[in-house]
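There are 2 protein chains.
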Amino acid sequence: MFERAERDPSMDEREYERRELVLRTELLQQQYELLKQRDRAVLIVVAGVDGAGKGSAINLLNEWMDPRHIRTLAFGEPSVDEAQRPAMWRYWNALPALGQTGIVFGSWYAPLFKEAARKKPDMDRIAAMAAEILRFEAMLASERVRMLKLWYHLSRDAQVARIDAQLADPATAWRVSEADLKVRKKFGRLRAAGEIVLGATDAAYTPWQVVPGADARLRAVETASAVLQAMRGPLPRAPRRPPLQVVRHGDRSGAMLEPAPGGGKLDEVDYERQLAGWQARLAEQVRAKRFRKRSLVLVFEGVDAAGKGGAIRRVSHALDVRNFDIVPISAPSDDELAHPYLWRFWRHLPLHGRVCIFDRSWYGRVLVERVESLIPPATWRRAYDEINDFEDQLRRGGAVVLKFWLSVSREEQLRRFKERRDSPFKSFKLTPDDWRNRRKWDDYMSAAREMIARTDTAHAPWIVVADDDKRTARVKVLEHIVKAMDEA
Amino acid sequence: MFERAERDPSMDEREYERRELVLRTELLQQQYELLKQRDRAVLIVVAGVDGAGKGSAINLLNEWMDPRHIRTLAFGEPSVDEAQRPAMWRYWNALPALGQTGIVFGSWYAPLFKEAARKKPDMDRIAAMAAEILRFEAMLASERVRMLKLWYHLSRDAQVARIDAQLADPATAWRVSEADLKVRKKFGRLRAAGEIVLGATDAAYTPWQVVPGADARLRAVETASAVLQAMRGPLPRAPRRPPLQVVRHGDRSGAMLEPAPGGGKLDEVDYERQLAGWQARLAEQVRAKRFRKRSLVLVFEGVDAAGKGGAIRRVSHALDVRNFDIVPISAPSDDELAHPYLWRFWRHLPLHGRVCIFDRSWYGRVLVERVESLIPPATWRRAYDEINDFEDQLRRGGAVVLKFWLSVSREEQLRRFKERRDSPFKSFKLTPDDWRNRRKWDDYMSAAREMIARTDTAHAPWIVVADDDKRTARVKVLEHIVKAMDEA
Chain A
1 MFERAERDPS MDEREYERRE LVLRTELLQQ QYELLKQRDR AVLIVVAGVD
51 GAGKGSAINL LNEWMDPRHI RTLAFGEPSV DEAQRPAMWR YWNALPALGQ
101 TGIVFGSWYA PLFKEAARKK PDMDRIAAMA AEILRFEAML ASERVRMLKL
151 WYHLSRDAQV ARIDAQLADP ATAWRVSEAD LKVRKKFGRL RAAGEIVLGA
201 TDAAYTPWQV VPGADARLRA VETASAVLQA MRGPLPRAPR RPPLQVVRHG
251 DRSGAMLEPA PGGGKLDEVD YERQLAGWQA RLAEQVRAKR FRKRSLVLVF
301 EGVDAAGKGG AIRRVSHALD VRNFDIVPIS APSDDELAHP YLWRFWRHLP
351 LHGRVCIFDR SWYGRVLVER VESLIPPATW RRAYDEINDF EDQLRRGGAV
401 VLKFWLSVSR EEQLRRFKER RDSPFKSFKL TPDDWRNRRK WDDYMSAARE
451 MIARTDTAHA PWIVVADDDK RTARVKVLEH IVKAMDEA
Chain B
1 MFERAERDPS MDEREYERRE LVLRTELLQQ QYELLKQRDR AVLIVVAGVD
51 GAGKGSAINL LNEWMDPRHI RTLAFGEPSV DEAQRPAMWR YWNALPALGQ
101 TGIVFGSWYA PLFKEAARKK PDMDRIAAMA AEILRFEAML ASERVRMLKL
151 WYHLSRDAQV ARIDAQLADP ATAWRVSEAD LKVRKKFGRL RAAGEIVLGA
201 TDAAYTPWQV VPGADARLRA VETASAVLQA MRGPLPRAPR RPPLQVVRHG
251 DRSGAMLEPA PGGGKLDEVD YERQLAGWQA RLAEQVRAKR FRKRSLVLVF
301 EGVDAAGKGG AIRRVSHALD VRNFDIVPIS APSDDELAHP YLWRFWRHLP
351 LHGRVCIFDR SWYGRVLVER VESLIPPATW RRAYDEINDF EDQLRRGGAV
401 VLKFWLSVSR EEQLRRFKER RDSPFKSFKL TPDDWRNRRK WDDYMSAARE
451 MIARTDTAHA PWIVVADDDK RTARVKVLEH IVKAMDEA
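Going down the list, the sequences are from chains A and B.
For the first sequence, position 398 matches number 398 in UniProt numbering, and the numbering has no gaps at all.
For the second sequence, position 99 matches number 99 in UniProt numbering, and the numbering has no gaps at all.
Because the hints were derived from the structure by calculation, they are not lab data.
Okay, derived cross-link-like pairs now, DSS-like style, lysine-lysine, Cα gap no bigger than 25 Å in a straight line:
id, chain 1, residue 1, chain 2, residue 2
1, A, Lys429, B, Lys36
2, A, Lys36, B, Lys426
3, B, Lys429, A, Lys36
4, A, Lys426, B, Lys36
5, B, Lys429, B, Lys418
6, B, Lys186, B, Lys119
Full structure from sequences and hints, please.
As structure tokens, then:
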């Protein structure tokens, strides 16, 4: 894998000058073409052994291309706020938009390299980490993010020579950190780690490319050629990755997505009493010390007029207004459309100790976007796995994730539509879209049924709440939250 | 000020129902009108004594209006990342866009109330805090953010009765926090604090409105009426506020904005040696433990081809790529245009221990936007004070702020333009705009001269660097940064 790079190949000056001229011109042209076409985002991962010129390569790209459309993102230790979100949070936030180029340094590979460089790497753990990375990168590939993963490498002798030369010159000695000096002693182990990582995460849709780092000219030319290729080559076919293995929550095949009309009703006194009781318990749970290491993510879905807003208000009344956010989800903005689908939801993930309530959510992909044919079938089909994966990351980041499907009968929906239509201050809630969606009732029900079947996991269960009687439904929602918090 | 509210006025049910119907209908209509017109953003500050119904008022607005276009922002203690930025950072980030409504709870008034509620409030400190708030709100008013500041108030008896009633009912007892119980004993002191704060921060363009809180119906009607008024009333005239008193950096009247041609040149060997020396020192400074409580903000301005990019690269080469961001500033996006001008710069402010380099900056307002008449003169005229204020907040938040004006002679610029034009990989840097700007050379120079005269402060000095010889200029830039860091 590293044979060629460890022969430390070089390029003579004349050849370099000839290639440089062509490459710089093409890179720039291609970069503007990319901005115009917006058919992809380019994401370059930079990694490799120390002293192999990673930093120089990043500088080179910023010098040879128009730096206004490149975003270089170098990650070190997570900040405190970052550490309270799932590990991938900061990378999601940094994803380039269509037409843009992102360079990532200190990427999601850092923990994997660390594990692989241990004296006795845990190969099971490595396999699990690699699988997670490949799922992430498969999602990126499907979402038109063209990845380029560059591993800079050189021979042990060249590494030693390079560090010695830097140390010998007082003008550059400061560049050599103590870590570099340590690393130098560990060339063999880091090389082995590189082999493990590259072997485990190399895939046709997201290949690694090894760039010889000893010779500045050759390194520049190979870096630029690889980037050029990523910018103009064909987009790799969206891959099928083995999905995350999820534990199902339970048998939901008989879930009452359409409640039978005329269920029991709760009278006002009972309602107020029960509601206040659950609210009190939720308020306690959220204030408890234990919750400072957790967060709560609530998703509300259901057909129009299913009572999402009312249920959300009953939950939020139990909370200190400083501790929660309600995120209403509607059609994506242009900026959101230019990023991978889940990007706009990642941005809202709560800090520890906080509650985030989504009024509609990422499930729009397998509901409205599917039913209204806004996306090709392949896109919503892969969304189930991506969503399970996303919610699993939420859970591992400390979140309790609960998803409510408020189910209302067709008759009750019609009654509520009419009520809205006739009320001067509710009519805004009723749009022509609502009537149109209603005509597609059966399509929505069957999409919802498949959604629940495929995403009802132990780590993020669906709770179907019959909402023909709003009071009963609101009490049930609160009861479920309190019980899930107790368990967590 | 609180007489009426402390009489605990109320509204009978019939009157309420009549008003409610009209108000809800109008609020919704007006909200949609606002979204369509986008002539303002509405920002509602909610404050007041405990038990006066602040939370209910927020819930009411979210219930009566379309909550998808309201953002309620409740701030508690700053998070760790927030605490590393200037105090106003999180409020800037939360400003509503034109057409939107924001509700702020736990606002920039919190520290002021805290000071005013002390046993012996420090009136000088209060005056300084109030002046800062009024400068901020004057800026908002000038930027079409219509503020509404609501103070909820009730009599001491009503407060006691309300808390007792909540405590007596097990269903609501949980709402009463220990803080509430304490507060109850301090009614007098909080009332006095309210009087101090409201007196100090009431201005025609940003008035306080006292809402009686004892009666839910009256409170609802008065809250809704006030919001309605803010949404449709005339925008207050942009005010003149006394600006922040700044300490000038020094006499810059003779600054060489256009260097005399043919200055001294630095030969390559000397250049490399000197540059590496300063880079080494900067690298040390940034790695030093002291810097973990500071940050560094660098601004680069200058005419086209003045050498900003090259100078920035020489600075960034001294830094670990994980520790800095380069933010290139060009024309604002739609989203940026919908917010107060400085909003897009606030977003990029660095965490402690980090460096942020602006390639062009907020000075665009008093350079290109002024010279090209993109904004009315009144707008760029008030920008000087706003910028001084902004940079002072940066400094108080722990940042070292340095601003470089790279100055190049007209002849040298022409030479560089021609070089760019003739180079296949530099021609992208040269646009028709550049030639057009060049024809306005004198206008740019006089705008730059005024900018430096008005914003060259001790807390954020301008450093004019003659750049006809790039090497000399780059060494000078690094030398200035190192010396300023030493002083700080």
